[in-house]
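J.: Produce the complete structure using the sequences and hints provided.
One-letter residues, chain by chain:
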Amino acid sequence: MKYAFYPGCAGETTAREYNSSTLAVCSAMGIELVEMSDWNCCGASSAHSTSRSLAHALTGRNLAIAEKQAMPMAAICPACFVRMRETCLQVKNGSLSKDEISSLIDKPYTASFDVRHILDIVTAETEAVKKLVVKPLKGLRAAAYYGCYLVRPRELTGFDDTENPVSMDNLLESLGADAADWGGKVDCCGGSGSFTDRSMVKELAGKISDSAREVHADVIVSACGLCQANLETRQSGKNALPVVYFTELMGLAFGLDARKWFKKHIINPIPVFKKRGLL
Amino acid sequence: MSTVHKITAASASAAASFGGSRVNLCYQCMTCTLGCPAAGRMEIHPHAIMRKIQLGEVQELLVSSAIWKCLGCETCYSRCPNEINIPSAIDELKHAAMSSGKAKSISAAFHNIFLGGIKKNGLLFELGLMLRLKIAMKDFFSDTFLGALMIMKGKLSLRPHSLRESGAMKKIFEKSGAGTN
Ligand code: SF4
Ligand code: SF4
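Those protein sequence lines, which keep their order, are chains A and B.
Note that my numbering has the first sequence beginning at 1, numbered continuously upward.
Note that my numbering has the second sequence beginning at 280, numbered continuously upward.
For the record, the hints were derived by calculation from the structure and aren't laboratory data.
All the given hints hold, so there is nothing to weed out.
DSSO-like, lysine-lysine: derived pairs with alpha carbons at most 30 angstroms apart:
no. : chain 1 : residue 1 : chain 2 : residue 2
1   : B       : Lys432    : A       : Lys238
2   : B       : Lys454    : A       : Lys92
3   : A       : Lys207    : A       : Lys238
4   : A       : Lys264    : B       : Lys432
5   : A       : Lys263    : B       : Lys432
6   : A       : Lys98     : B       : Lys454
7   : B       : Lys399    : A       : Lys107
8   : A       : Lys135    : B       : Lys432
9   : A       : Lys260    : B       : Lys432
10  : B       : Lys450    : A       : Lys107
11  : B       : Lys449    : A       : Lys68
12  : B       : Lys398    : A       : Lys68
13  : A       : Lys68     : B       : Lys450
14  : A       : Lys2      : A       : Lys135
15  : A       : Lys207    : B       : Lys432
16  : A       : Lys202    : B       : Lys432
17  : A       : Lys98     : B       : Lys450
18  : A       : Lys131    : A       : Lys275
19  : A       : Lys275    : A       : Lys260
20  : A       : Lys202    : A       : Lys274
21  : A       : Lys130    : A       : Lys264
T.: In structure tokens, the structure reads:
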């Protein structure tokens, strides 16, 4: 299957290792990700907080570019994913007309293709994943963290359960890891306030890392560049818990060179993997 | 003596479509507030925001800091027994506060700076955003170590990117009537 790949702003900078590990594991699975040409920022919560037309126009331009490539869009950032999907669904159900969006962006757009998150794409192919595992992540206790925008709001994301999602847990188990049952799965890390309300973000990120420590997790596993950066840099100081991407763990289990991704982290995860005999 | 608040026909019909959600259905069960990660920092809690919308007391909400504390996490919406889209109603308040110039919050300033950058470059230029925000907040020393570490790890680019389709962003901003600097 071919997808128009939208890396998003963080995928180019702070979440570089998420981007490159995604490309590597998808290529191993035979999922073709074609980077979109000349994409722009989705506008994130800033456009959403400012004006509905602006929010739809910024996502709409990207959607039109993917549509021109005649492929569904695949995004790695859950926030970009949910914003794009919102515009796509509104055009599909007619609450935003094709003419209106096309005139805002000066490009035709008819919502003919879907928008999917990469976690959804890979977890739909568990058998293909299992076949590629050459180094099972035995002994690694992993806390799957979904955050907000993969599962909420339900009618937009169309993915898993809003309170107790399990798709990433199942993926981790098929990689051979031990997925911890824990209470922080869908708690908000405060990401959208990371620049403006540091004390709130510290409190929220601190609570999430504390719950993961309570169940003796070795790592928190994330599917979002913003959450990952937030949890890595804002969690409480003692016994810092590494936060890795699910795609990095897939790469490690597939026998790919995961060390180069791990080196990019602010909290170095390499010692944990060494302790478990995985590196 | 406390003031008596009443729902009028006008306030009820405004609440019925506020932010594309049916705020008129709220029966004050407080499920939204109990699960809200930001409620502890809001001077008016999410359920009380819904009540004020029902009562037509929107002006008070526009100058509140509570609406800017909302993280848009959608927890309340996914739990509300009446399926009221609370964050969408709060977004509507933010839009009105922004366009009337009533927004008194560093978050509103942040959104303006963020979007100003997107209008110019098409993509987020983190370093530029951080520096402009530091100036706006007069906060020059926090996180400088973190920023330096990110640059060392090749995680922050030092130069902004620009789109090949030049002028595309400017046009989009103009057409959607979003006036950022
Ligand atoms: S959960 Fe829904 S019905 Fe209950 S107080 Fe909040 S908005 Fe009102
Ligand atoms: S969306 Fe806003 S109001 Fe609702 S739970 Fe999250 S922070 Fe609270």
